[in-house]
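Engineer: Chain by chain, the residues:
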Amino acid sequence: MTDIVSVQNLTKKYKDFTAVNGISFSVERGEFFGFVGPNGAGKTTTISILATLLAPTNGDVKVAGYNVVSQKNAVRSSIGIIFQDPALDLELTAWENLDLHSRLYNLDKGVFRKRANELLALVELSDRRNSPVRTFSGGMKRRLEIVRGLLHYPKLLILDEPTIGLDPQTRALIWRYLKQIRETEEITVFLTTHYLPETEQCDHVAIIDRGSIIAYGTPEELKQKFGHDSMDAVFIEATGHGIRDEELSDEDQARVRHKQGQVWR
Amino acid sequence: MANVNQFIKSVWVIWYRDLLRFWRNKVRLIGGLAFPILWLLIFGVGLSSSLTLPVPGIRFVDFLFPGVIAQFLIFMSMFGAISILQDREFGFLKEILVSPAPRSAIALGKVLGGASIALIQAMPIIILAPLAGIHISFDLAGNLLPPMILLAVILSAIGVAITSRLKSLDAGQYVFQFITFPLVMLSGAFFPLRDLPTWLDILTKINPLSYGVDLLRRIALDYAGMPREVITALSPTINGHVVALSTEYAVMIIFGVILFVFASRSFNQ
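Protein sequences, first through last, are from chains A and B. Residue 254 in this note's numbering sits at position 254 of the first sequence; the count goes up by one each step and never skips. Numbers given in this note's numbering equal positions in the second sequence, counted from 1, plus 1000.
Derived from the structure by calculation, the hints contain no laboratory data. Source: prediction; values computed, not measured. Note that the Cβ used here is the ideal one computed from N, Cα and C, for glycine as well. The reader is advised that the hints may include incorrect statements.
[Claimed, not checked] Derived pair list, reagent style BS3-like, types lysine-lysine, alpha-carbon separation capped at 30 Å:
id	chain 1	residue 1	chain 2	residue 2
1	A	LYS72	B	LYS1205
2	B	LYS1167	A	LYS179
3	A	LYS15	B	LYS1167
[To be verified] What follows is a list of derived Cβ distance ranges for each label pair:
id	chain 1	residue 1	chain 2	residue 2	range
4	B	VAL1261	A	GLU28	40 to 46 Å
5	A	VAL69	B	ALA1244	31 to 37 Å
6	A	GLU185	B	ASN1268	30 to 36 Å
[Stated by the list, open to error] Only some residues are given here: those of chain B computed to face chain A with a beta carbon under 7 Å:
id	residue
7	ARG1017
8	LYS1026
9	ARG1028
10	VAL1098
Using the sequences provided together with the hints, build the complete structure.
Structural biologist: Structure below.
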C-alpha cells in the first residue's frame, strides 16, 4: 500500500446536480500532487470528501489506507488541512489557536510546545505568537494555518488554494516553507491552486473539469501531450477559454442551487 | 478507557474555548449587566405599581424575579448556541469538524460552554436584586443554583440541537425569535399558570421551563417568608393537585437528559 490517497469511481451528487462524476486517481506517498481546475470543477467537493467533511454519494475513497466513510477518525488524525477560507479563531491569539488544535488532536503537551515553536520559527511568526489573530494580515493567517496544519505530524497535508489573495512576495514565501517542510519530513502535499506556474513544481498534476478528470501526468508529460511550454497554456487548452462563475465554490454553488431561501441545512 | 479520556478532553477543549472567548469579549461582559438591571428596575418596580396578582399578599416584583432569571437564562443560552453559526460563518467550525474529536463531545462541549456562560451572566441578577427591593442571602442564592443549572443545560441543549442544523446566522436570528418567545411566555415567567384555557394549559405543561420557573419561584418566595398556600397557589397543577417539588426536579432532569442526548447527535450528519 504505497498510495496515500486512493480514489475509485468517486461521485458526489447534490440532488440533480453532479459535482463530481465518477473520478479515479491516486496520490503516491511523499509526492507533491497538484489538483487544478476551473471554479466549480469539483476541487473543493473532492477535498471535503477526502477530509471526511462530506460523504461521497458513490465510490471508494481511502486516505492513508483508511476509508473516509467507515474509518473517519483514523483519516482525520492522518491529515492536516488548510481550507480556502481562513478557519482560525480571530478572538484568540496565535498560540491559543495552536493550543486548541493540539488538544483537539490529543497531542502531548511537551511534544506540542516543541513542535509549535519550531514551526512558528520556520514561518517567521515566533514574535507574534501572543498577538490576537484578528491583528494578522492575510499572509500571516495563512502561515499560521500552515503551522497548525502540520502540528500533529500529519501524513498528508491538504491545501485548498493556499496562495489565493496573497501578494507575490508572500506567495513565494509560502512555497519556500512548503519546500523546506518537504525536505525535513516525510509528508505528502496535496494542493489545489489557480496559479498554474505553481504546479510546475508538482510531481503529478490532475486537471479536473465539470466533475471529471480530463488530464493527468507530470507537468512535463502534460506539456508534451498538449504541445505547450507552460502549464497555463496546458490548462486553457484542456478546459477551454470560457469564463466560469467566479463567485462561489462548487460546493456552495450546489447549495445555492438547491437550498435557496431555505433555513435548515 | 483511552476513548473515554479523549472524549472528556474534547468536551473540555470546546468548553474552554467558549469561556476563553467570553472572557475576552468585554462588550459581552458589560452588556450582560445592562439587561438584568433594566428588567428589575423598569419592569419589576415600574409594573408592580400598576399590576396586581390574583393571589393577594405577593408583591409583583417578588413574583417577577424568578421569571427574570429564567428569561435571562433563555436569552443567554440561545445567544451562546448562536456561536455555532458564527463559527460556521467564520470558518472555525471546519477546524473543529475535521479534527478527530468525537462529534458528540463537540456538541456536549458546546452545551456545557453555553450553559456555563449563561449561568455566569445570570449572577448579576441575583447580586443586583436588592436594588429592586428583593431580599437576597447566600443561602437563597445557593438554593436557586440547582434549578438554574438545570434550566441552563436544558436551554443550551435546545439551542445547540437547533443551531447545528441551521444554515446561516440570518436564519438563526429568525428561528430563535420564534422559539424563545413562546418558551418564555408559556413558562409562567410573567403570569401564573392558573385558570388558563385548555389549549394554553397543555402548552404550558409540556414546556420544560414551566417547572424550572416554578422551582425558582417556590424557593425565592419561601425565603421571602410567604405562607405555603400562597406560594403553591401560583404553581402548576395536574388533575387539580399542585405538582410536588420533587416531581418538578424529576421532570427537569428527564427533559435535561433527553435534550442532552438529542443535542449530542447534532454534528453526526
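Engineer: Name the hints, by number, that the structure is in violation of.
Structural biologist: 1, 2, 5, 8 and 9
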